[in-house]
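Student: Construct all of the structure, not just a fragment, from the sequences and the given hints.
Heads up: the protein sequence lines correspond to chains X and Y, in order.
368 is the number that the working numbering gives to position 368 of the first sequence; each next residue is one higher, with no gaps.
63 is the number that the working numbering gives to position 63 of the second sequence; each next residue is one higher, with no gaps.
Simulated from the structure, these hints should not be mistaken for laboratory data.
Be aware that a few hints might be false.
Below, a sample of chain X positions facing chain Y; criterion: calculated Cβ distance under 8 Å [stated by the list, open to error]:
id, residue
1, R45
2, G338
3, G364
4, L365
One side of the interface only, derived from the structure: several residues of chain X facing chain Y at Cβ under 10 Å [unchecked claim]:
id, residue
5, M116
6, W306
7, V334
8, A340
As the structure is a computational prediction, the values presented were derived from the model and not from experiment.
Note that CB positions come from ideal geometry on N, CA and C, so glycine has one too.
Listed below are the residues making up each chain.
Protein chains: 2
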Amino acid sequence: MSRLPRGFRLATARAGIKEGQDRDDLALIHALRPVQAAGVFTTNRLQGAPVRLTRARLRAGLAQAVLINSGNANVCTPGGLKDAQEMAGLLARALGIRERLVLVCSTGVIGVPLPMPKLRAAIPRLAQNRATLRQAAQAIMTTDTFPKYLSMELQVGARRYRLSGFAKGAGMIQPRMATTLAFALTDAPLAAPVLKAALREAVQQSFNCITVDGQTSTSDTYLALASGTEAPFGPGSRGERLFKSALLELSQHLAAQVLKDGEGATKVLKITVKGARSRRDALRAAYAVANSMLVKTAFSGAEANWGRVMSALGASGAAVRPERLDLRIQGVLVARAGVATGRDKALRGRLSKAKEVAITMELGLGQHGAQVLSTDLTEEYVRLNAAYRT
Amino acid sequence: MSRLPRGFRLATARAGIKEGQDRDDLALIHALRPVQAAGVFTTNRLQGAPVRLTRARLRAGLAQAVLINSGNANVCTPGGLKDAQEMAGLLARALGIRERLVLVCSTGVIGVPLPMPKLRAAIPRLAQNRATLRQAAQAIMTTDTFPKYLSMELQVGARRYRLSGFAKGAGMIQPRMATTLAFALTDAPLAAPVLKAALREAVQQSFNCITVDGQTSTSDTYLALASGTEAPFGPGSRGERLFKSALLELSQHLAAQVLKDGEGATKVLKITVKGARSRRDALRAAYAVANSMLVKTAFSGAEANWGRVMSALGASGAAVRPERLDLRIQGVLVARAGVATGRDKALRGRLSKAKEVAITMELGLGQHGAQVLSTDLTEEYVRLNAAYRT
Chain X
1 MSRLPRGFRL ATARAGIKEG QDRDDLALIH ALRPVQAAGV FTTNRLQGAP
51 VRLTRARLRA GLAQAVLINS GNANVCTPGG LKDAQEMAGL LARALGIRER
101 LVLVCSTGVI GVPLPMPKLR AAIPRLAQNR ATLRQAAQAI MTTDTFPKYL
151 SMELQVGARR YRLSGFAKGA GMIQPRMATT LAFALTDAPL AAPVLKAALR
201 EAVQQSFNCI TVDGQTSTSD TYLALASGTE APFGPGSRGE RLFKSALLEL
251 SQHLAAQVLK DGEGATKVLK ITVKGARSRR DALRAAYAVA NSMLVKTAFS
301 GAEANWGRVM SALGASGAAV RPERLDLRIQ GVLVARAGVA TGRDKALRGR
351 LSKAKEVAIT MELGLGQHGA QVLSTDLTEE YVRLNAAYRT
Chain Y
1 MSRLPRGFRL ATARAGIKEG QDRDDLALIH ALRPVQAAGV FTTNRLQGAP
51 VRLTRARLRA GLAQAVLINS GNANVCTPGG LKDAQEMAGL LARALGIRER
101 LVLVCSTGVI GVPLPMPKLR AAIPRLAQNR ATLRQAAQAI MTTDTFPKYL
151 SMELQVGARR YRLSGFAKGA GMIQPRMATT LAFALTDAPL AAPVLKAALR
201 EAVQQSFNCI TVDGQTSTSD TYLALASGTE APFGPGSRGE RLFKSALLEL
251 SQHLAAQVLK DGEGATKVLK ITVKGARSRR DALRAAYAVA NSMLVKTAFS
301 GAEANWGRVM SALGASGAAV RPERLDLRIQ GVLVARAGVA TGRDKALRGR
351 LSKAKEVAIT MELGLGQHGA QVLSTDLTEE YVRLNAAYRT
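Tutor: Written out as structure tokens, the structure is:
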């Protein structure tokens, strides 16, 4: 607990939201005073009640507590907004803080009303508890198999600041402008608009470049809270630059952890597009390959089945000219000018052991590129998702 | 064989293109005289050499033979176009017809050169053989588990005409403007432009409304040949109307067979969007749900996991307003105005036995609709595709 940024404490408690689940399912981020706050959210048009509540309250750029529950997303539920408000109100009373300063995040099944009696019993207990960063990360897990968190330090002149973050996510992963649930806490001095800009920038190069199954959830939220009370880092200052770089590192670490925990995944696919006519084309091409079921299943096996990469690329909608197109797998040029080189034999036996597979497409049409991280698709993914009710 | 349209014969032979595969892998459609011909093709930007050759030759609207092989798609191969031309030339000489009138279709692995010596040996034999519609349908199968074909009759005034078709396909199925490989033969009198218009219309409501895995192949081709020599059916004539309707029926039958044979599939998902703001929005919404890995795995299990349908819909890019949105599964209203009704309990136990699951979304924003047929996603799909090399 000593490693948290100054001015914050964490807590967890067990409400028993999901029947038969024997672990804490509530987490609390509590700032001793109101702090600067910013968030980015899912672009899904069906947003959960907690997302709508939190987004509205963040307009003021201030927060003092975040209440998070797993086991139920409070999405498409009758009275969902009322329930989210009640949760916030219960916590505000238990902590003796202003209700407007409480944010709420929920993750889990869609379409089932929250078990409010259980929450009414557990939230006052939660307010009294304490937890480590690891315990908080554990309490927000759904199908995750391990907790995702990191603490780091940054030095600005003579001062040292801390930055801690935690996240959840394993399925329904193709965040756009946000991620499943992620939180960054710092004691560096940052005004909410600067914090928000840094968050947006970090998300673009971390959570927005990963995909497990091409699905954008209804609850994606990434919140950043800054408790520093000195004169805030101004735009362009050294402090701001160092903080941005630290936040990017934290975000990339958490995003990579989410990807690594991709349901049933055994490999990370690193998909790079170069020489695209536009950035949009580069992203289209990269995501078409990253989300191709045939590509993803191919690489769960041991064969360099690159024909499926070509086919997914050709159907992506991006401008592609076969005679300009080179394809490399793990650095081996398997197709040059759109035609097989016969060198894929060199890959035999090398892919089954690889934890990461690099797929690089040079389109030869322009200067734009993109990189997306994906996972392979295994029978385990199907098994998990045929049984689990999102 | 007596059931084929007049003026056509079929043949099959075994070239042994795929090692260890003990069945015919060549099929021939041979018209006794040059006939009217039309085709629609994949929109994938990486098109196989056979697609490029056949498309160019079809500009004249005439053909006399179609040579089809399974086991190798002749895509991304060095010298692919030369090989396709040589295949056509070999057949033309063996049949004693003009080479320009020979079309070529190939399906199977990508990136491996065709075994030309085997084809040189087999094509002259093929030209001498005879086969039934069923045998031809069998010879073009790849991962298909059953042959797909149908013959029907249409009566125009006092005259009777035949229409026969066959197709292949089980994976890499999301045709756009075409399908995997499909063929329609008729002895009705149709000029090539009328035939092409009829084919385009039929494809829109058949092969263009199915998806197994959201992948558009590099070889998709649907060819129609008409041998009738009487005065052709004019635009708007009764004959044209009857033929269009028969061709649509044939196409829908073949497309449904392809879908039913979707790799590892145990259920057909019938996804209907109503009340969309535009046709484009309706298609986007329908395909987003149809290709959602989470929706597809959910319905391979027995639960009505409709939250995933909502989430896929919300992320589809189509205009959606939760308060206008109704969702029905097998006719049961599971969400009204974007909120759970609690009626999904009525579905328990009903989905595990169902061969077809109807998912209907009423968006309440306009007059446009769309319907897409998809399949569930099972562990078997992953098993098949981790092993099979496309």
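Student: Are the hints correct? Go through all of them and say.
Tutor: Consistency of the hints with the structure:
no., hint, result
1, R45, "4 Å, holds"
2, G338, "6 Å, holds"
3, G364, "13 Å, violated"
4, L365, "11 Å, violated"
5, M116, "15 Å, violated"
6, W306, "7 Å, holds"
7, V334, "8 Å, holds"
8, A340, "4 Å, holds"
Of the numbered hints listed earlier, those contradicted by the structure are 3, 4 and 5.
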